[in-house]
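So the sequences go chain by chain: A and B.
For the first sequence, the numbering used here begins at 1 and goes up steadily by one.
For the second sequence, the numbering used here begins at 359 and goes up steadily by one.
Treat the hints loosely; a few may be bogus.
Going by beta-carbon spacing under 10 Å, a handful of chain A positions derived as facing chain B [claimed, not checked]: (1) ALA119; (2) ALA130; (3) LEU270.
BS3-like mimics (lysine-lysine), calculated; alpha carbons at most 30 Å apart, straight line [stated by the list, open to error]: (4) A:LYS123 <-> A:LYS228; (5) A:LYS158 <-> B:LYS486; (6) A:LYS123 <-> B:LYS459.
In short, the hints are calculated from the structure, not lab data.
Nothing here was measured: the structure is a model prediction, and the numbers come from that model.
No residue lacks a Cβ here, since even glycine has one placed at the ideal position from N, Cα and C.
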Amino acid sequence: MKNNKTFQFLLIGAALIALPLILQIFGNAWVRIADMALLYILLAIGLNIVVGYAGLLDLGYVAFFAVGAYMYGLLSSPHLTNTFEWIAAAFPAGMHMPIWLIVPVGAALAGLFGMLLGAPTLKLRGDYLAIVTLGFGEIIRVFMNNLDHPVNITNGPKGLDQIDPISIFGLNLGKKLVIGDFEIASVSLYYYLFLSLVLVAILISHRLEISRIGRAWMAIREDEIAAKAMGLNTRNLKLLAFGMGATFGGVSGAMFAGFQGFISPESFSLMESVMIVAMVVLGGLGYLPGVILGAILLSALPEVLRYVAGPLQELTGGRLDASIMRQLLVALAMIVIMLMRPRGLWPSPEHGKSLKTK
Amino acid sequence: MDVFFQQVINGLVMGSMYALVALGYTMVYGIINLINFAHGEVLMVGALTSWTAIGMMRDAMPGAPGWVILILATLIACVVAVVLNFSIEKIAYRPLRNSPKLAPLITAIGMSILLQTLAMIIWKPNYKAYPTLLSSTPINMGGVVITPTQIMILGVTAVSLAVLMWLVNYTRLGRAMRATAENPRVAGLMGVKPDMVISATFVIGAILAAIAGVMYASNYGTAQHAMGFLPGLKAFTAAVFGGIGNLSGAVIGGILLGLIEAIGSGYIGQLTGGVLGSHYTDIFAFIVLIIVLTLRPSGLMGERVADRA
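Work the whole structure out from these sequences, hints included.
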């Protein structure tokens with residue numbers, strides 16, 4: 001029995017490692033889809049801490065993603081040195097901060113923003129919280145769009161470009177790696193980086209879930225007053241949930257910026273927040289396998305369909321182009337899946353029951 | 359000082375439109391505790407339907423005066439919006455009435471995206487010039503300028519609000535609605551059909567949203583498939599601001615929000631020495647909201663309800 005499980009584990013592991021190498025044969029675009037799916041999984045796992053475990057509906061999650069992305073973008077692109085002379089003087093070789101500095105700083109900053117947002121909103125009931133977080137997301141986006149004057153910090157709607165690719169241990173992920181006569185494309189290298197991050201995130205999230213903190217969050221989710229009566233410090237716990245979730249968002253944002261090489265406020269619209277919430281809820285609130293399934297479905301499936309949608313576009317005379325098809329399908333999926341399975345595609349089996357004693 | 363009064367008028371005009379849309383949110387929330395995310399899209403469908411209707415009527419009867427066409431177009435928009443909102447509730451919200459709370463919220467968001475996409479397919483994504491049907495010569499009142507369209511908006515809003523207040527406070531349906539909002543189960547025992555009341559709420563909300571949509575498009579002179587999003591969001595903010603579930607709260611919240619936005623964007627450049635410009639208008643709403651909710655979490659006129667998710 002145990003052997004069987006180990007075998008399954010190894011098989012899945014091998015499949016995950018081989019996946020980009022196989023996809024690579026069909027073209028890098030397919031690996032890119034897998035990369036984006038992994039990033040979304042990372043975001044969904046982060047949001048799941050806030051929405052799934054602690055039961056706080058956050059509709060502005062993309063703001064933390066944006067904070068991480070802009071942090072990376074500013075610290076490793078020529079934008080700051082081009083704009084400010086004193087920075088150019090301090091960094092004559094250009095601004096190329098190592099990832100080991102940017103990611104912790106970005107994550108910490110996003111976490112701080114999460115706490116900042118959490119602090120005034122903790123008293124609010126669910127729906128008020130939703131709208132305040134939504135507003136916060138919009139505020140961040142408006143600032144990104146307009147902070148190009150009087151002092152050009154974010155470069156406004158034009159966004160930041162020429163962002164350095166991520167490099168780890170001297171390995172530049174922006175270039176393809178050649179081992180002997182075997183080539184691993186840059187997108188596949190990113191795939192491995194994101195995959196390992198997702199694995200770490202799953203580990204952290206799972207350990208949190210079964211920890212004292214995780215159980216406290218779930219108690220708050222089920223009944224806040226009862227949780228308080230049990231002596232839980234609900235304020236600090238909620239703040240912690242916000243901060244933790246935001247940290248995940250910040251890390252994925254930094255990854256996104258390095259991966260794309262270009263960021264603009266457009267990537268951080270309310271629609272993105274909504275998509276991430278939809279992933280978490282569609283998959284199965286508070287249950288990691290469900291959340292991962294939801295993220296894969298909503299991020300990868302429409303992209304795959306984009307390649308299949310070509311013939312359909314010809315049929316309808318170009319009215320239904322790929323991006324419209326994608327939106328249509330996402331919207332329909334959200335409605336139909338919720339109507340058929342209101343608790344998500346793969347809901348937590350323990351929902352509503354007490355934990356079994358081992 | 360002229361600037362101030364001008365901004366007050368602009369704010370009132372914007373605010374009255376927010377108020378109409380906010381009423382739709384707040385009524386639905388009061389009865390079934392759902393944030394109807396698709397409500398802004400009803401406004402958009404209303405505006406675009408009236409745009410099509412105006413185009414067709416101008417071809418069919420070239421001599422008709424502008425205000426007749428506008429009234430007819432508004433009526434058509436109302437009918438379409440009513441059918442739409444009624445079906446949305448029936449298809450997407452009714453089956454989920456007893457599901458976990460987030461489920462209908464997700465279908466609502468899905469509906470919103472679906473309607474926007476469908477509108478984009480039907481009406482194409484370009485901005486459409488919305489014809490000016492009323493006289494476009496502004497009326498000058500001692501330095502403060504107001505257009506006939508803006509006067510119409512204020513008038514129509516006042517009338518709609520009066521009708522709504524009469525409906526809610528003095529009719530059988532209104533009593534049933536208030537009873538259902540108070541306690542659906544007891545209302546049901548007293549012979550109120552909750553499903554009927556909920557449908558009626560969506561119908562009334564749709565009419566108000568369609569009217570607001572036509573006015574919004576006439577005020578700005580454009581209509582487009584994404585136009586419902588921002589007013590929808592702000593109207594929802596207004597509803598929360600006033601205390602969600604509370605009708606007069608929604609009206610006051612809407613008008614206050616309009617005023618704050620207009621006055622804020624009129625003076626922000628001056629106050630900050632040109633550092634922050636009027637593109638920050640859109641965040642006023644949210645900053646005000648966050649401040650109000652921090653100080654008074656149940657909104658301006660909301661009752662203090664016991665915490666129970």
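Here is what the structure says about each hint:
{"no.": "1", "hint": "ALA119", "in the structure": "9 Å, holds"}
{"no.": "2", "hint": "ALA130", "in the structure": "7 Å, holds"}
{"no.": "3", "hint": "LEU270", "in the structure": "8 Å, holds"}
{"no.": "4", "hint": "A:LYS123 <-> A:LYS228", "in the structure": "13 Å, holds"}
{"no.": "5", "hint": "A:LYS158 <-> B:LYS486", "in the structure": "26 Å, holds"}
{"no.": "6", "hint": "A:LYS123 <-> B:LYS459", "in the structure": "19 Å, holds"}
Every hint, counting from the list given before, is met by this structure.
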